[in-house]
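Trainee: Each chain is listed here by its residues.
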Amino acid sequence: MTLFTLYAIGGVGLFAMGLFSFVAVAHLLRKILALNVMGAGVFMVLIAIAHPERAATQATGVDPVPHALVLTGIVVAVSATALALALTCRYHAETGRATLPEDGPGNEGSGR
Amino acid sequence: MNTPFAGLWAVLLVGLPLLLAVGAYVAGRRIRPILVWIVPLVMAGMVTGLIHGLIDQGPLHYEIGGWTPPLGITWHIDGLATAMLAVTVLVMGAVCAYAPSYFAGSIKTASAEKTKLFWPLTYLLWAALNALFLSADVFNLYVTLELLTLGSVVLIVLAGTTDSVAAALRYLVLGLMASLFYLMGVALLYASYGTLDMATLGGQLQQDPLTWTAASLMIVGLLIKTALFPMHFWLPPAHAGAPAPVSALLSALVVKASFYLVLRLWFDLFRPVAPAPAAQFLGALGACAVLWGAIQALRADRLKTLIAYSTVAQLGYLFLLFPLSSAPAVAKTAWLGVILFALSHALAKAAMFLAAGRIQQLAHEDRLDRLTGIGQCAPLALSATALAGVSLIGLPPTGGFAGKWMLLVAGVESGQWWWALVVVMGGLLTAGYLFRFWAIAIAASEHPSQRAPVNWRMELPPFMLGVAAVLIVFLATHVAQLLEIGAAFPIGGSGEVAP
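One line per chain: the protein sequences are B and G, in this order. Per the numbering used here, the first sequence starts with residue 108, numbered consecutively. Per the numbering used here, the second sequence starts with residue 5, numbered consecutively.
Worth flagging that the hints you see were computed from the coordinates, not collected in a lab. A few of these clues could be false.
[As the list claims (entries may be wrong)] Cβ-Cβ distance ranges computed for the label pairs, FRET-style:
hint, chain 1, residue 1, chain 2, residue 2, range
1, B, P171, G, Q61, 33 to 39 Å
2, G, A203, B, A175, 18 to 24 Å
3, G, G436, B, A200, 29 to 35 Å
4, B, L192, G, D305, 29 to 35 Å
5, G, L121, B, G168, 32 to 38 Å
6, B, L192, G, H482, 44 to 50 Å
7, B, A175, G, M429, 47 to 53 Å
8, B, V169, G, A203, 24 to 30 Å
9, G, L425, B, G168, 54 to 60 Å
10, G, V277, B, A175, 25 to 31 Å
11, G, A448, B, E201, 36 to 42 Å
12, B, V169, G, I59, 42 to 48 Å
13, G, H56, B, P171, 51 to 57 Å
14, B, L178, G, P213, 28 to 34 Å
[Claimed, not checked] Which chain B residues face chain G? A few, computed with CB under 7 Å, are given here:
hint, residue
15, F129
16, L153
17, A191
18, R197
C-beta: ideal position from N, C-alpha, C; glycine also.
Start from the sequences, fold in the hints, and give me the full structure.
Mentor: See below:
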């Protein structure tokens, strides 16, 4: 098993874990964290793709394009997370709940 | 890049709204008249210029900054992209003319604060939509999708109610999850083929598990954003809870944008490698959406909820394209029909939501049982819903009729009569829920004296959109000619028709 496959499998694993917890957990903060874990999984896969053994472009060394994608992706993820957190704060301030209406009981930190 | 001008128009179509989004935030009220009246006209002029360039020169590839792929990002300008740009200008123009009056007369206070944010966000949304329609790079498309989601979410919250915050949050987290699906697909595609450019990817795709996984991830992500049944549940609260001009933008344009991407990916990339059942499955989901959305619309107790569920149903029609286009003989008919349907739905649904906003303001609420006789107060707004509704139902002569007719023809001619049956059933159900509203609206009112003077700024834009949704049928041949420029249609007819 090369370093490339290890990273790629790790990335897919993170993505799957994030997805599971996004679906399974009702608490909004944990949903937002789960999204960030999913995002980290995608970024890991992209970084693995850039590995010299695997580089899709024929140039020697590390493929820079996936790195550029990850940087852009991080910017998008940061702004999206900020917006989600701001909305969650406002929702919590207005309702005192940290779960969306149909998702489960309003008590803090309840899993499922 | 064969004409400098067409490329320039394309760049300005994205750049100008983006600049104005910043300008609107900084300058506030001072540039408001420019935003409301002048910019939509300028944008319309540029889209016209682009269409002329397209008719003269055929489809264009524009390399931004002169960088060529694989490093640079390209824009692809063809008939479908310009048709979407054109319908965006029409809807945006109507919304820009309508919004100042809506926010000024809105019941809730703090409307000044709201208007302050409405303009930058609307222009950001416009820039994101135009960039999405023009991009031909799968990663660039991801960025535009995210811009679109973030802009839409904040616009929904402008309604100021707790319900709208909840709806926006649900939309946001689901939208982000969908984007990550899409991004994972992009990563896998890049891993296999080493390029993000759709034109380069197009010819290379192989039938292997990695490509299938990438394709499924990307399509599923986009289906969530398009609110295809059964992933539609976020849409009705979000679209019904938003302020009326925002609902119009979301229902008419934002969901169409992600459908446009499904269309692009399917016909430019995935169709040759997709297994046949995939198309049938998408069609089946579409059929379920048509029926389920209509049933929920029949049961809705609020006008805007009714219109939002109608969007769920009408989006279902768009997905009938995938099974219908698998029969080569009728593929082109189905393709043109669905796009014509999508364009006229955008116009009609924007008209519906804008008119509903006016009705809601007059009645101070939009519970259907409180709207008895509201037609007497707002005859022009009600006429707008009538024109738009006729197109939604698909009665001749309207754009909706032309689209549905072509779908019916495609269904019958390819022997897939069950899809044709769905089209007919959906039309009947649409008539059912719309007549439910109209019957209430034109019923004799208890207090007939409350007739308000016509508010032209709020009633003329939806009326004109309704007229446009009808008139599009008379332009159908021209629209079809435009759509065929550079269309990904080698089968069933000549791919590129000389205008």
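Trainee: Next, verify each hint and record whether it holds.
Mentor: Quick rundown of the hints versus the structure:
Between B/P171 and G/Q61 the beta carbons are some 34 Å apart, a value that agrees with the proposed interval 33 to 39 Å. G/A203 and B/A175 have their C-beta atoms about 20 Å apart, which keeps the hinted 18 to 24 Å range intact. Range check, G/G436 to B/A200: Cβ separation about 42 Å, and the 29 to 35 Å hint is violated. The hinted range of 29 to 35 Å is satisfied by B/L192 and G/D305, whose Cβ atoms lie roughly 34 Å apart.
Taking 32 to 38 Å as the suggested C-beta distance range, the pair G/L121 and B/G168 does not conform, at roughly 46 Å. Distance hint for B/L192 and G/H482: a CB-CB separation of about 48 Å, consistent with the stated range 44 to 50 Å. About 49 Å separates the C-beta atoms of B/A175 and G/M429, a value consistent with the hinted range of 47 to 53 Å. Between B/V169 and G/A203 the beta carbon distance is about 26 Å. The supplied range of 24 to 30 Å therefore holds.
One distance hint, 54 to 60 Å for the beta-carbon pair G/L425 and B/G168, holds here, with the actual separation near 59 Å. In this structure the hint that G/V277 and B/A175 lie 25 to 31 Å apart at CB holds, the actual value being about 27 Å. A beta carbon spacing of about 40 Å between G/A448 and B/E201 agrees with the range 36 to 42 Å that was offered as a hint. Distance hint check: the CB atoms of B/V169 and G/I59 are about 45 Å apart, consistent with the given range 42 to 48 Å.
In this structure the supplied range 51 to 57 Å is violated for G/H56 paired with B/P171, their Cβ-Cβ distance being about 39 Å. B/L178 and G/P213 have their C-beta atoms about 29 Å apart, which keeps the hinted 28 to 34 Å range intact. Checking B/F129 against chain G: minimum C-beta separation of about 6 Å stays under 7 Å; hint holds. Annotation: B/L153 was flagged as interfacial toward chain G, and the flag holds, the nearest CB pair being 5 Å apart, inside 7 Å.
Because the closest C-beta pair between B/A191 and chain G is about 6 Å apart, less than 7 Å, the hint holds. With a cut of 7 Å, the hint placing B/R197 at the interface with chain G holds, because the nearest CB-to-CB distance is about 6 Å.
In terms of the numbered hints stated before, the structure departs from hints 3, 5 and 13, listed from lowest to highest.
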